[in-house]
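> The residues making up each chain are set out below.
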Amino acid sequence: MADYQQMWTDLGMDLEKHDVLCEVLPEAFGGVYLTQQNRPKGMDFYDFVVSEIHGVRPAEMIQHQKEGGKVFGTFCVYVPDEVVFAAGGIAAGLCGGSQFWVSGGEKVLPANTCPLIKASVGARLDKTCPFFLIPDMYVGETTCDGKKKAWEILAGEVPFHIIDIPQMKRDRDIAAFEAEIKDFIAVVEKVTGNKITAESLGEAIKLINNKRRALQRVYNARKASPVPISGKDALLVTQINFYDDPARAAEMANNLADELEQRINSGSGVFPDNALRIMISGTPMAIPNWKLHHIVESLGAAVVVEESCTGTRYFENLVDESATTLDGQIRALAERYMKTNCACFTPNTARIDDIVRLADEYKVDGIIDTNLQFCNIYSTESYQVKQALTERNQPIMHIETDYSEQDFEQLRTRVEAFLEMLRK
Amino acid sequence: MVVIGVDIGSVATKGILISDGVQHKTIFPTGWSPRDASDAVIAQLLHQSGIEGQRVTRIFGTGYGRVAFDQADKTVTEIKCHARGIAELLPEVRTIIDIGGQDSKVIRIGERGQVVDFSMNDKCAAGTGRFLQVMATALGLDVSELGAAEDPAQRLPISSMCTVFAESEIIGLMAKGNPKGGIVAGLHQSVGKRVAAMAKRLGIKEPIAFTGGVAINQGVKRALEEELGAPVMVSEACQYTGALGAALLALENV
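Line by line, the protein sequences are chains A and B. With our numbering, the residue at position 287 of the first sequence is 287, and numbering never jumps. With our numbering, the residue at position 139 of the second sequence is 139, and numbering never jumps.
Don't read these hints as lab results, they were simulated from the structure. It is possible that part of the hints are untrue.
Some chain B residues close to chain A (C-beta under 10 Å, calculated; not the full set) [what the hints assert, rightly or not]: (1) T77; (2) K105; (3) I107; (4) Q114; (5) D122.
The calculated DSBU-like cross-link candidates involving lysine-lysine, where the alpha carbons are at most 30 Å apart (straight line), are [claimed, not checked]: (6) A:K127 with A:K169; (7) A:K182 with A:K195; (8) A:K363 with A:K386; (9) B:K74 with A:K424; (10) B:K205 with A:K424; (11) A:K363 with A:K41; (12) A:K386 with B:K205; (13) B:K193 with A:K386; (14) B:K25 with A:K424; (15) B:K74 with A:K363; (16) A:K386 with B:K25; (17) A:K17 with A:K107; (18) A:K339 with A:K182; (19) B:K200 with A:K424.
Beta carbons: idealized from backbone N, C-alpha and C, even for Gly.
Chain B extracted, bound-state conformation (with noise of 0.2 Å):
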């Protein structure tokens, strides 16, 4: 049987195509158009895998462009699909942290991989990918170099919980001629703050898993375990977790 998940978010819309137990990954800038990025999605995994279209029985969607996606058979929601990765990538985990473009969920996780209660942020970018984001832009990198230019020795601590007003605390910071690598480090502890204090609220149970986008910057996973005092795994396909559960979900038609 060949399924596909697509999980379409606010920042980059991922596949993966399950062609009996072989998987294929693509992973796609959504772009303005959902719609677009998950046909291209699609179209990329069958070219890929060298499977033609027909011979696909069943595509899930989720993640919050899921509403668009119109060549899904079935949407699911990206926590029960986090759930469902995330049992296949770390059986053993508990709770996931997955922090979004421009969301944050804690989810926790039974035995079979269902999951038992969550939470997700409200609807400030504050503990984002989003606010990761704009303050990469204020410092003048990219998002994907905030990891390795962090300086957790010389970190400054960041007060501001809002995107706004952070932005213009670390631009004040720069001024005063603060290292940059400081400044980033206390951006990704505000970021792990923000999320712990949500999962604690929550109720933490480990082992503890990281996904999404954000759980490839290093600098967010160390303050993360500093701030809940628990190790966070972090697996190699974080950002394809819920695109995977998506996939087997199809696979088990649920």
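Isolated chain A (complex conformation) (with noise of 0.2 Å):
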């Protein structure tokens, strides 16, 4: 890895704690990732990305800034991107996925808070993550409780606006969403400087169209038996895309792309044709969390799809591009944002139909539907998507879990005893 230490110096890091993180990952990425066999080619490039990863990118971002433009940090796909980058700036996924930062939320927060909220509060004020220690300004929303409360905490310690996401998908919850983009239209404007004009987002509503699109293309390959990427690998392309350059972030997964589709016409692939394919429903895995793939990967079985945030929820849904006016763009990043379908929302039961198609599409053998522990709004809701794919016969199984390693042979035997249930 390159010298960054001036780097993290200057921002202001805890080094000596930074030094413990810096230590762990490299063993736990090469363990989880590195002993893979017949990985793409495709793959080096996101390996690189691990291998430097609180150095290269953020050392773009401080550029970024050097140069006169500003740094947005973002918590949730409800956040749309392409204001940020319509006006010149840059927007970054902060999600904390590590148990490391864990303790340091805890300091602030109840214990019964998500490991996602805890761990990404602790990394801002552990100073433990150039991520979090960038951005000219952070973006929350209001999906849920416990960030809402968090966001309160954090405003403390950096700049912050807040969207305000609806609960509900009617009509004028959507024009409320559409009031609120144009809100942060010009919070972004006031903040970089920068004028947004309909030229300019639509160019932005273009890039991040294009991201969508190659990870689409990268997700349609996983749809091919036998799979010709693991879901390990597939998950961490999608968890580095939310911080990394949309532009680069689309060559890379389209070269990727390419080469899985070459690979669907030779017929060859990671797992046998005739491995169990698992699609992994619910909350997102932030980076570094492959816990449950990991899990499930081990135990021979392939995760073929993620309906989550760091999945199809990411990427599935387009911006029409084909409005010129502001106005005819607002509209239509709101109509895209609120096909998202999220458990925050009620009634939720697109989210439900999302399953029961992917499923289909990905021709799964069975669903685990999974929260982060203490996500009340998702475990909730695994009762209603239990029923809903049992009654069509598609097998599912519900697991609530953290960041920790505590309940590891616990879930190992849960999802080995569901795997042998599969595979009667």
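Using the hints, put the two standalone chains together into the complex.
Here it is, written out as structure tokens:
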């Protein structure tokens, strides 16, 4: 890894603590990722990004700031990145996925808060992640109660803007979200000093759509049997796309998709063609949370699709590119984002429709519906999900877990028993 | 053909050897080394049956310690093994409630003994053998004495599900001079309630069997029946269900 000590010092990071994290991550990544056989060559780029995880991209962001640009940290797939890029800014997803940051979050948050929120707050307060220290502004949203209250704590640290996400999807809710996007545009224009025009927003819409199209290609390749890429690798691609430069993200994902399509043509894959095909649905898995994928794939089954924010929810729907006025583009953005189905909405039967459809498209043998511990909304919704899938004779199991290793063996037994059940 | 099934639980390691249809069984405490315990079980089974080690065709392992069991030709989860074992012991059963040393499970099985659905407690010890063990120690009893010690007529409600808080709760109840039998009955009810709720969530189909080491405890069986509102069958070999399943799967080589 290149030397980023000076950059980290300038950011005011806690270097001693950060060293501990830098020591454990390569080992974890090596054990989970580099032990896999026959990985696509296209994964080299993502392996490189992980090897320089707190260096290479943060350095680009800091360079952008030196040139007068602004960086916005985000936490949710409902935040329209298009607006930030249209104003010449950089948007980067910040969600924390490591147990390492959880204790830092627990200093200020109740113990029964989900690990994603704890880790995100801990990463900022403990000053052990450059991504959390670089942004000129955080953009929060009102998807769940845990996040809403966490923003109030983080707002003492960094300038904050909050986008109000509706809880229902009636016409007036979509209109309300449209108004939120307009407010967000005004905030971003003020922070960046750049005016957003129909031309720049149109460009940004195309930029982000292209990233989504590239990810769709990667995911489409996973519909093949034998599957040409492991679930762990596909998850890593999505995780890195949350903060990488969108044009490069699209290019790299397209390169990978080219290779995967060649693999499909030659019938080569990373699991035998009779391997069980598993869908994981539920809450997001922020980098470096690879726990459940690792358990499933170490037991010989392939994760072929994720119905989650770090999966199909991130890229399935495109923004209509035909609008030529700002108002039309904002409407198109609102419509696109309100097509995403998260458990923070009620009713949310469209998410169940998504799971049913994806199970069919990806020819899955079983579904593992999962939520991070203390995620009330996904945990509650798991009941409805199970009912609906059981009615369709689609095997499904529910797993609630966090970032820690303590339930690893327990989970392995449960997943193994589920796979045994599917193999009968 | 000679086969062996070994179920390495957190508290006890159980083994069954099947030789031409004749079963031999043994049980050892798992202690701190699952590997030593499984070696001891295999040695004892061979000794008991007078069969030489070379004649053993296959050994299947199950239970939480299966990962460390290097003598096994194959390992299978305890969920599949309990289903297979019960299909032999009580073939009419459609739901199994298994309470072991560190976890509890509800398994729904189909007509051929196959697993249809299952659920397992989360990582906490509430509703497991460990919960009862901690409480027995606090009461100055051995866990094997709990079943006979309960007095349902004087039952006291134990409201804490958490093992640590429940321990403080019963220490408080004892300090107030409450009868031990009533406290024990309350503990059994607490386990019954917790596990019955898990079973109801999964959906119960009768008849129901109760397996695992805790099934020997008549008080928990009584509490489960009360909470489920349905009779619960306990096989004499309840503790060996997983080992038997492993042995039968070894025999069938599946």
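> Identify whether the interface hint at B:T77 stands, where standing means a beta carbon of chain A within less than 10 Å of its own.
4 Å, holds
> Should the hint that B:Q114 touches chain A count as held when the rule is a Cβ pair under 10 Å?
At 5 Å from the nearest chain A Cβ, B:Q114 passes the 10 Å test, so the hint holds.
> Verify the proposed pairing of A:K363 with A:K41, using a straight-line Cα cut of 30 Å.
26 Å, holds
> Check the hint pairing B:K205 with A:K424 against an upper bound of 30 Å on the C-alpha distance.
This hinted pair holds, its Cα atoms lying about 20 Å apart.
> Can you confirm whether the C-alpha distance between B:K200 and A:K424 stays at or below 30 Å?
25 Å, holds
> Does the structure keep A:K182 and A:K195 at a Cα separation of 30 Å or less?
Holds: A:K182 and A:K195 sit about 13 Å apart, inside 30 Å.
> Does B:I107 pass the interface hint, meaning its C-beta sits closer than 10 Å to a C-beta of chain A?
9 Å, holds
> Under the criterion that the straight-line Cα-Cα distance not exceed 30 Å, is the pair B:K74, A:K363 satisfied?
Distance ~29 Å between B:K74 and A:K363 Cα, so the pair holds.
> For the pair supplied as a hint, A:K127 and A:K169, confirm whether the alpha-carbon distance does not exceed 30 Å.
Roughly 38 Å separates the two Cα atoms, so the pair is violated.
> Does A:K386 pair with B:K205 here, judged by a C-alpha cut-off of 30 Å?
18 Å, holds
> Run the distance test for A:K339 versus A:K182: straight-line Cα separation, threshold 30 Å.
19 Å, holds
> Interface hint check: B:K105, Cβ to nearest Cβ on chain A, cutoff 10 Å. Holds or violated?
9 Å, holds
The structure does not agree with the numbered hints 6 and 16 stated previously, though it agrees with the rest.
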